[in-house]
Amino acid sequence: MSGTVHTATDQIKSTVPHPYHLVTPSIWPLFGGVSALLTFTGIIFAAHFGDFIVLAIGLLSTFTIMFLWWRDVVRESQVPGLHKIVTQVGLRYGMALFISSEVMFFVSFFWNYFNYFFYPATMGTAFAPVWPPMGLHTIDPFAIPLFNTMDLLLSGTTITWAHHCLLEGDNKGTVQGLFVTVLLGIAFLCGQAWEYTHSPFPFYHGGIFASSFFIATGFHGVHVIIGTAFLTVCLFRAMAGQFNPTRHFGFEAAAWYWHFVDVVWLFLFVCIYFLGRSAITAG
Amino acid sequence: MSFTAHDPHEVIAPDHAHDAHGDHGHAKPGFVRRWLMSTNHKDIGTLYITMAVIGGSVGGILSMIMRAQLMYPHNHIVTNGSEWNSIITAHGLLMIFWMVMPALIGGMGNWFVPMMIGAPDMAFPRLNNMSFWFLAAGFVFIMLGLSIGEGTGAGWTLYPPLDNIQYSPGIATDFSLFSLHLAGISSLLGAINFIATILNMRAPGMTMFKMPLFCWSILVTAFLLLLAIPVLAGAVTMLIMDRNFGTSFFEPSGGGDPVLFQHLFWFFGHPEVYIMILPAFGVISHVVSTFSKKPVFGYLGMVYAMVTIGFVGFIVWAHHMFVSGISDDSRVYFEVATLVIAVPTGVKVFSWIATMWGGSIEFKTPMLWAIGFIFLFVIGGATGVVLAQAGLDQELHNDYFLIAHFHYVLSLGAVFAIFAGFYYWIGKMSGHPYPEFWGKVHFWTTFIGVNLTFFPQHFLGLAGMPRRYPDYPDAFAGWNFVSSCGAFLSGASTAVFFYILYRIFSSKETLPANYWGEGATTLEWAVPSPAPHHTFEDVPVIR
Ligand code: HEM
Ligand SMILES: [Cu+2]
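Chains as they are written, first to last, in my numbering: chain A, 7 to 289; chain B, 991 to 1533.
Hint data in this document are derived by calculation from the structure and do not stem from the laboratory.
There are no misleading hints in this set.
Incomplete in silico selection of chain A near chain B, CB under 8 Å: (1) 24; (2) 46; (3) 50; (4) 92; (5) 96; (6) 110.
Pairs of lysine-lysine residues, derived as DSBU-like cross-links and limited to a Cα-Cα distance of at most 30 Å, are as follows: (7) B:1498 / B:1430; (8) B:1430 / B:1354; (9) B:1498 / B:1018; (10) B:1498 / B:1283; (11) A:90 / B:1200; (12) B:1018 / A:90.
With the C-beta cut set under 8 Å, the calculated list includes, among others, these residues of chain B facing chain A: (13) 1116; (14) 1124; (15) 1127; (16) 1216; (17) 1224; (18) 1245; (19) 1246.
Quantities reported herein were computed from a predicted structural model and do not represent experimental measurements.
Glycine included, every Cβ here is placed at the ideal spot set by N, Cα and C.
All chains, full assembly: derive it from the sequences and hints.
This is how it looks when you write it as structure tokens:
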């Protein structure tokens, strides 16, 4: 084996040009870095001084850069010969890896939750070693959370409906499927907003259960917002006729992301809402 | 993945197909387009290496201040405890995130992974550039974290309650925490890019098991980053929320558990130490093989050893928490699991020795650094095995023995590999040779300096001197004095390094494509020195 590695001298020069898409120089990456710097500075200023201006500028420039950068990508993908198969495969790798890292991000919040779920004594001697904490009223899992579960499961089927239409060249069906999925995403977010505003425990200084609950469901909610935005972009792209049965990776990436968000919710529903419910729950 | 995806007309008329790639043409772009808007893996690699030089210089100056303070007992160079704490915190974070990682992964990884696999660039060139700018933004943040008000005094491990709002009320700590978010996003995007590049863009014939070991090391490193960094991001997010938004993840008053932070941090932190050392392993394999004029002994074993280290690295984290109140059973498990890592690590060391065995070894500067690496890394690994004994660690945890351990694997391990790689590849990157004599001076002054610095710290630790204090009883004075002298010698050796940089970039000499001769067999030696702006525009075919 070792004789066959390190084989530069064995290379054969060819005149076959590479099949990759090498992009032209771009200013978006630098602006992206500056936007991140502004956004994070803005969070710090908002938290310490109640000053939201930097944050607003940071977020605005972040969204602008995202829009302009991805607009470039979409335009390039429309130029024949730029995104060959190997580039499309590369994008798939990229999205799959990104979702894997997102899974690990949620692992940290579930780890936090299970730390107390399995070892309630880690709450310290001031608290009775039970989970959820003694005397806490939690949210009834079979009210809005169950509705939201059904909502997301249904949206998983409508996105598949859109995908099948796309594969069959039925663009009208694709648009319809996507439209319904986006509506379901928005419905989920409304349910979540209602639940947050009527929560029996406060977020601020609400103790460890509230912290764990809000960070896990809150970051999930952020991902639903991102996923819904992603699907909305796909909806407009479908209406503009930019997808065809063989080339529609933008759609597939959105669908993968949506399924990921869906699966995270199922874990949240089972582990936090259901297994973490107290004897008396607030509707 | 197949490379047969070209349209037939491209094979017939390659010049036309080139036009389709847009205006990334053959002329080098102007300054702004080249350095602020880059989509070229070599230029981005150069940016990363520049970042590493800057980060290493600032981190190095901080370490000189620390050793000056510790040179004599009851010194007052550092005026108060929180100043001391912010210096040690920034030193650790800078050296890890803004020196070792950008040098090995962002710098050498960017420069050589695409070339070694015969690809024209990274998979996502714009993303590649954004990784760099996030790191640069993070550097701004860490410097703010060091310098605003009282600075950040929690140590690089950021344990609560040291960095909660009660003990670190200033915004400096928030800047430091967000600097980790920025550096983390940077590494994460970089990791995605490396994995996609290596899996998808190898030239025809460059199968996974023909791929040079440096690429393997970066691949495994990238997977560690992909899975470990998000957990750090989660933990840092919880810290920031506890500080600013009234949560109680790590606040006992609200039922939170500070030890949970240690779990989350070290679930990232232990893989992180391998993130720093695996690319170093890759570099050393190439250097040792080149200057022994032999292929690496046991290539497959080397690959599997790295994969094993990467995997086991995820399940040993609590060996950093032997005295954090974890149960006896956990301690037994984490002790044994940690010791298991010594096995694949041993495989690597024996392979390097076997590669040298019977080879006609040339002691050029890169080889000196590589042999220095092997020697010093083995010492660091041995003290790691000592620390992995939960019982012994009860005594040794958080004292200077631990400091000696991780400096032997990092500032004498990873850093030696960085310099090995630097001298090995600088001709390929710059087109000019380094001055051999001064390279050797640099090596020997560093070698003596760092050993003088860190070897006595074993004795200090065994005698009971704790880490992270700016002062100590008179009984520890002797070895501390020796240690500081060594540190100043290594500081002086850095001046030699800057002189060498000057010599290289003012040199008029040129180099052939393969200036190391028969031992250097990877693809980067097939392209001219310096490597042209674009390499492998036509796919090479590997037999
Ligand atoms: C055979 C391999 C190794 C073993 C068995 C080992 C074992 C250990 C143990 C048990 C500790 C915790 C000691 C304590 O906190 O009391 C430790 C700390 C540390 N190790 Fe290693 N180690 C090994 C290799 C490495 C490598 C390769 C690196 C980095 C390149 C490294 C970097 C560190 C660092 C930075 C710390 C200190 C973290 C801190 O508390 O600030 N180790 N090691
Ligand atoms: Cu460790």
